[in-house]
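There are 2 protein chains.
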Amino acid sequence: METKITTPRLLDGIAIAAGIKTEVAAEVRSLGLQGVTPGLAVILVGNVAASEIYVRSKVKTCGELGIYSEMLTPPDSITTDEMLELIAKLNDRNDIDGILIQLPLPSHVDTRRLLEAVDPSKDVDGFHPINAGRLLAEGYSGSTSSKSGKLALAPCTPAGIMEILRRSDIEIAGKNAVVLGRSDIVGKPAASMLINASATVTVCHSRTKDLAKYTREADILVAAIGRPGFVTAEMVKPGATLIDVGINRVTDAAEVEGFFPGNEARAALFAKRGSVVVGDIHPAAFAISGAYTPVPGGVGALTIAMLMQNTVTAAKARRG
Amino acid sequence: METKITTPRLLDGIAIAAGIKTEVAAEVRSLGLQGVTPGLAVILVGNVAASEIYVRSKVKTCGELGIYSEMLTPPDSITTDEMLELIAKLNDRNDIDGILIQLPLPSHVDTRRLLEAVDPSKDVDGFHPINAGRLLAEGYSGSTSSKSGKLALAPCTPAGIMEILRRSDIEIAGKNAVVLGRSDIVGKPAASMLINASATVTVCHSRTKDLAKYTREADILVAAIGRPGFVTAEMVKPGATLIDVGINRVTDAAEVEGFFPGNEARAALFAKRGSVVVGDIHPAAFAISGAYTPVPGGVGALTIAMLMQNTVTAAKARRG
Numbered sequence: 001m002e003t004k005i006t007t008p009r010l011l012d013g014i015a016i017a018a019g020i021k022t023e024v025a026a027e028v029r030s031l032g033l034q035g036v037t038p039g040l041a042v043i044l045v046g047n048v049a050a051s052e053i054y055v056r057s058k059v060k061t062c063g064e065l066g067i068y069s070e071m072l073t074p075p076d077s078i079t080t081d082e083m084l085e086l087i088a089k090l091n092d093r094n095d096i097d098g099i100l101i102q103l104p105l106p107s108h109v110d111t112r113r114l115l116e117a118v119d120p121s122k123d124v125d126g127f128h129p130i131n132a133g134r135l136l137a138e139g140y141s142g143s144t145s146s147k148s149g150k151l152a153l154a155p156c157t158p159a160g161i162m163e164i165l166r167r168s169d170i171e172i173a174g175k176n177a178v179v180l181g182r183s184d185i186v187g188k189p190a191a192s193m194l195i196n197a198s199a200t201v202t203v204c205h206s207r208t209k210d211l212a213k214y215t216r217e218a219d220i221l222v223a224a225i226g227r228p229g230f231v232t233a234e235m236v237k238p239g240a241t242l243i244d245v246g247i248n249r250v251t252d253a254a255e256v257e258g259f260f261p262g263n264e265a266r267a268a269l270f271a272k273r274g275s276v277v278v279g280d281i282h283p284a285a286f287a288i289s290g291a292y293t294p295v296p297g298g299v300g301a302l303t304i305a306m307l308m309q310n311t312v313t314a315a316k317a318r319r320g
Numbered sequence: 001m002e003t004k005i006t007t008p009r010l011l012d013g014i015a016i017a018a019g020i021k022t023e024v025a026a027e028v029r030s031l032g033l034q035g036v037t038p039g040l041a042v043i044l045v046g047n048v049a050a051s052e053i054y055v056r057s058k059v060k061t062c063g064e065l066g067i068y069s070e071m072l073t074p075p076d077s078i079t080t081d082e083m084l085e086l087i088a089k090l091n092d093r094n095d096i097d098g099i100l101i102q103l104p105l106p107s108h109v110d111t112r113r114l115l116e117a118v119d120p121s122k123d124v125d126g127f128h129p130i131n132a133g134r135l136l137a138e139g140y141s142g143s144t145s146s147k148s149g150k151l152a153l154a155p156c157t158p159a160g161i162m163e164i165l166r167r168s169d170i171e172i173a174g175k176n177a178v179v180l181g182r183s184d185i186v187g188k189p190a191a192s193m194l195i196n197a198s199a200t201v202t203v204c205h206s207r208t209k210d211l212a213k214y215t216r217e218a219d220i221l222v223a224a225i226g227r228p229g230f231v232t233a234e235m236v237k238p239g240a241t242l243i244d245v246g247i248n249r250v251t252d253a254a255e256v257e258g259f260f261p262g263n264e265a266r267a268a269l270f271a272k273r274g275s276v277v278v279g280d281i282h283p284a285a286f287a288i289s290g291a292y293t294p295v296p297g298g299v300g301a302l303t304i305a306m307l308m309q310n311t312v313t314a315a316k317a318r319r320g
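The listed protein sequences correspond, in order, to chains A and B.
Each step along the first sequence adds one to the number in the working numbering, with nothing skipped, and position 122 is 122.
Each step along the second sequence adds one to the number in the working numbering, with nothing skipped, and position 267 is 267.
Any given hint could be a false lead.
All copies of an identical chain are treated as equivalent in the list; a pair is satisfied when it fits inside any one copy or across any two copies.
As the list claims (entries may be wrong) - Taking lysine-lysine pairs in the DSSO-like style, the calculated list, with each CA pair at most 30 Å apart, reads:
#1 K237 / K209
#2 K60 / K316
#3 K21 / K316
#4 K60 / K89
#5 K213 / K237
#6 K272 / K60
#7 K21 / K60
The hints are simulated quantities; they were obtained by calculation from the structure and are not laboratory data.
Can you make the complete structure from the sequences, with help from the hints?
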């Protein structure tokens, strides 16, 4: 008997995102022939530097794909009621298919209430509970089947995970999938989608005992816990598919060397910036995997592409 | 070292249901002092014998607990539009806190659309996707914490499971819970609630490979697949808590003897009725469990009590 040693396959989020964007651009052109231009409104409250960068890059991508976009920038002092009015106006406008409220919002506004005020059919972030419920019940807008034909807009990060798996021909049905983390925007919806794709799904979290017992059995492991390099090589099954959702900034030189021993490119990056970005999965675990999403350039690279796809899906459902 | 042999604890659904009903009756009296009488409307379409029995028993329990109830019995020929009108009227009435559409409906009406037409705050069956989404996000109305204070009405069967576990002081947090079945009304919401109660949760289903590998590790095993005696003693961990949601009618004499060897009471019941009811878990598995819900007299006995509790919860949220 021969032991088969294979090189882990890098699941290139940037390339997959590019493919999705190309498809979305084609759909936008086709909608254009019917006189429909999908429209996205982004609400950016106050002056949070990171949020501004994200929003600018979303607006820029809209432009590239032919999606109309509008950026609303109310001041930090805006009240919940004023926000509700803003959202109501966007809900009423026929030219706006998607409404995105960039988070985090100032602490004096009621974020949950605002997210629930967005018309679910325009909820391109997939944060409305009715979309979470539909997602759990019947899969998401990108899936091929739907029990009711009702639109379930999925949150962008887990939707991106499913696109990576599907476009990389990684079998899901009948596989053992383990999700680390139970957040409302990643862990839980990822579990919902994997269950509907017929994986056997285990949701682990901070209260899980003997975590490695679960992770070592995973054919597909999704890590979304926000702890740098938490999943070590000893915790994964050789040949598994590793999906790393973590984006953690590491500023300690010894830690960086631990994650990337002898990696000159990372060392140089660290020397230049004083930090590097590391996922929740240790690079040594990637080395024994069958396939993995790198950080950066993996799941994170899909987010904006999925937002664009959701916007077009919403436009088609509303006006197509 | 001594091996501790304990007798499995029978989790008595009938007794637990009686306790819940007593509490609900007290709440109804307390609401009465504020001039509020909780009201439940039950829609029973056509003449399905089993449905009539269920509805009658729901209406009867309302009477016992002081809940106002109303039974609407449109003919089998009712259209989706006419049903929508009926539901809209009930949504508008302030004296009606809960609306229950008894299923199944005739095939010519759009069941999904009707269930989504029920005001989520009156959705005492917990079938509206917004309640499924809230349940996944933040737990259910019976739980002690809620992120938003928004009402999440949980489907009655999984809510009953949680009541059995909690009222029997069975620890959930940090335990390994395995749910067999991924239906929208039992498996998925049970998983949602167990995740929020901090169990590590695995959802298994027809596509799961090597099912026994999962079930044998379960501290809490919930079986909701509708296959008589499917979970055998070899498939469970000795001392586990077994929650049996199955209600399967067995009509074969040899099969009955296989489930209940030498059990004279069951044999007599079978001789009299030509069938007995068996859960999804084999009685031999109960024998090695730490605790289990019998069939009948387990989870099924909670359903109506939970419906009553949901009706009062809805009344308090709307008018309390």
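| Which hints, by number, does the structure contradict? | none
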